[in-house]
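Using the hints, position chain H against chain A.
Chain by chain, the residues run as shown.
Protein chains: 2
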Amino acid sequence: MNGAESLVQTLTDQGVDICFANPGTSEMHFLKALENPRMRSVLCLFEGVCTGAADGYYRMKETPASTLLHLGPGLANGLANIHNAKRASSGMVNIVGEHSAAHLKYDPPLTSDIEGLARPLSHWVRRVESPRAVAWDVATAVSKASEHVGQIATLILPGDTSWQEAGEQVAPPSTVAAAAKIPDVARIEHIAQVLRSGEPALMVLAGHSTRGRALELAGKIKAATGCRIATQFFSARIERGAGRVTLERIPYAVGQAVEYLNSFKHIITVETTEPIAFFSYPDKPSLLKSPGTGVHALVEMGEDSAAGLDMLVQALGATNTAGVLQQRSDATPPTGALGPASIAQALAAALPENCILVDESLTTGRETMGLTVGAAPHDLINNMGGSIGYGTPVATGAALACPDRRVFCMVGDGSAMYTIQSLWTQAREGLNITTIIFANNSYAILKAEYANMGAGAPGARALAMIDIDRPRIDWLAMAKSMGVPAVAVDTAEAFHKAMADSVHEPGPCLIEVRL
Amino acid sequence: MNGAESLVQTLTDQGVDICFANPGTSEMHFLKALENPRMRSVLCLFEGVCTGAADGYYRMKETPASTLLHLGPGLANGLANIHNAKRASSGMVNIVGEHSAAHLKYDPPLTSDIEGLARPLSHWVRRVESPRAVAWDVATAVSKASEHVGQIATLILPGDTSWQEAGEQVAPPSTVAAAAKIPDVARIEHIAQVLRSGEPALMVLAGHSTRGRALELAGKIKAATGCRIATQFFSARIERGAGRVTLERIPYAVGQAVEYLNSFKHIITVETTEPIAFFSYPDKPSLLKSPGTGVHALVEMGEDSAAGLDMLVQALGATNTAGVLQQRSDATPPTGALGPASIAQALAAALPENCILVDESLTTGRETMGLTVGAAPHDLINNMGGSIGYGTPVATGAALACPDRRVFCMVGDGSAMYTIQSLWTQAREGLNITTIIFANNSYAILKAEYANMGAGAPGARALAMIDIDRPRIDWLAMAKSMGVPAVAVDTAEAFHKAMADSVHEPGPCLIEVRL
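Heads up: the sequence lines are chains A and H, in that order. Numbering of the first sequence is given in the UniProt record's numbering, commencing with residue 1 and proceeding in unit increments. Numbering of the second sequence is given in the UniProt record's numbering, commencing with residue 1 and proceeding in unit increments.
Only chain A is shown next, with the shape it has when bound in the complex (with noise of 0.2 Å):
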């Protein structure tokens, strides 16, 4: 068994059984090991697919995927993505080639500081040394992405690492990821005392707490004092949708962020921080909170969500109480011009149960998500990172985790642009992807930013580096060049018609919206 052989076999041995691969020379003997059938490969054109699909599929699986990344270039391509991933603490596993030790010291052309390049958005680098030593360094890989909180190892394989007799393997380390810790009793009670006090209180939920039991319990605690709970404008994975506890949403524009934090007088904080802005303003807070507010961590990072929130019920002796669930809203398909709310009224009638909605729509989600919420219960996928192209890798690593669900992906047409090569990868392997690109020709978000800068109007300059209407891309053509149906809507009724419709055809499609 050579070194990249024991890099699959430990791979699969461990759990990680899929690669989001796009290799080249320095990977040939990786790619013979791929041949173990234990490990699907799924070829991406761009790495940024790779990467962003790792995170998609950790989100929904909660157990890392690897990439197969070519040399400093080939991870520097899927970095933003990875930056992504670390943001919604996805774990994943990179596998960079290298050159091997004796060529490294020619310092040939693809040759650079990889480790440099890993370091700043990886938690965890290592240079496997030794074929002898790939096993024990996958292992503790797959240990590292694997803990409570998602973490991005990137290991680099010289390519005589790969190619040379592995020999006999050290047994590798546990890869038991380490347990969550409990919440501090005493904190717990210092909470049930802030919200014994009736005084106005928030808790925001984020990481592990936005979905199963510890949503039920967040929905106890808000039923039993009156607290209101909410999300961040944006969380790794929510389940929402009726039947299901819902949470608000804490607007993005700083303002209205603000206005919204305003009324409370306290803030109790669940796997997340206190509210912040997502940008820096000349003339606007970092901080969204009120001056007076006090902000409480019941459960920090790397902490059981739902040990902590069910001590606070019993604290709270809410252990009985039921709380509300979300009801189904109207189904009836909306009719006429496409807006905010009719858009959302379509998305509302045609998402069907336990489908997987990744939005990364920008300005037409910012107006029409809030009014999905009586949706059939569903699981929603944000960007963490804010690095804007993560929307179609995530649906793709999304569909292959989650093979009998159906995803939509809501995305702007700007942001469709960085990483469209998911398409190609979604088309080859067949994924339930419903892609729905919301064409305003616009990177529509910039022209409110603009303003909230305080710059102004734009003028004929700057918006000439907003408005991408010339040439206006033709998306039925860009998914047909990637093997990709796709139909084009401009009213509300032929938008859930081609939603609706897209339930009952196997594999992926594309919804051009035209706004």
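Every clue listed holds true.
Any copy, or any two copies together, can satisfy a pair, since identical chains are not distinguished.
Listed next, the in silico DSS-like pairs over lysine-lysine satisfying Cα-Cα at most 27 Å (straight line):
| # | residue 1 | residue 2 |
| --- | --- | --- |
| 1 | K284 | K265 |
| 2 | K284 | K105 |
| 3 | K105 | K265 |
| 4 | K105 | K289 |
| 5 | K447 | K289 |
Just so you know, these hints were derived from the structure itself, not from any lab.
Here is chain H on its own, set in the frame of chain A:
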């Protein structure tokens, strides 16, 4: 004047009058400052297009362009083509937007270690500390980028330094780039002696020496001494074609290169190192020369090639020797099936005088390019860093640098997909670029490399990571999606006609060569 306005004014004062931009919220004041009519702003839909275009611009213009990138992830998306530019000694000034200092401490989602990401692939990195420092810092960045061996200068621009009043700007340092050093006389004498010995010698030219006066001088040395003159397999830019001194090309494949170099007793290097293998392979050497071959540096990086070659010509008494100039090859358009020879013949017949040829055709080009040496005189540009996806962005920048010259961009289908967003910028700017896609529906180079690695013939699963034929990319639809007219060809005569037609039609077009 605020910091952003000072920045744009300083850039243009220092001669940097083009900006390849992909802006975000933190760069809105920069966008406003781009209203300055002396700056040409070119919008790109992905950052790898921005940095690749800056590389292409420098290759033809020999002065740096600027890029506008959005925080760490925006820089990250541009890094692979920064790597390629760095290896090509192309100077560029990257402006990376950043949160304002007061906001950074809250670790908002888009925060990352920008210096950490920039350093591995930049020669110079600086964070603007105050709006008053903008002019000084920008002028320093331009000066660094403009050195004789172009440098990657990366300037991080926090929001507050952009929007705050810049006040009186400190006079920037002189931006006169350090002049190239003159090679040492003793070294010249030594090499003259080597050449006079009559022992077989190969002079390997790179950097500034593959064009203009330096190339003519190399022709004289060859004629006077019988040495041979060549380039590495990849060159940043070569002037070649009919009427010019022709340089041989050291083969890419290790076995062929070793055999090629075997007959030389001396290798004389000009702005390059002795030939090394691009990749490491289990049973192949990294150094390609024969053990007994001596290596002599005539001109080191950073030194003046033309001066060094001139000194050598004088030392050899060859001032009046005439170099042999390339004959024009038969310009009869070929007919029949497409293959390496007919593709080369079609290219040689169709390329107009003074065109620019950007080559990222890998497999197809490797067999073809040598046969085009008798085409009309043209510039040839190669990928120096080996990170795939350099071709279409570099072509974009080259066309903006030389609006009167047509650019032919030869690119493999796999390579084209990394940065395919270039087509949109080409359409938007009406650039005279003929993109030639060699569509073999495969990362064909990897099939050979799989065998070179001693991995044998790929199995089904490995092949599935190499072939990109499921689905086949529809290149006509891809071009249409971004507003570029396209045609597909499957005969030599149709290929020739499509290229010839493209010369007469302003703006971009795409030719899919079906292999």
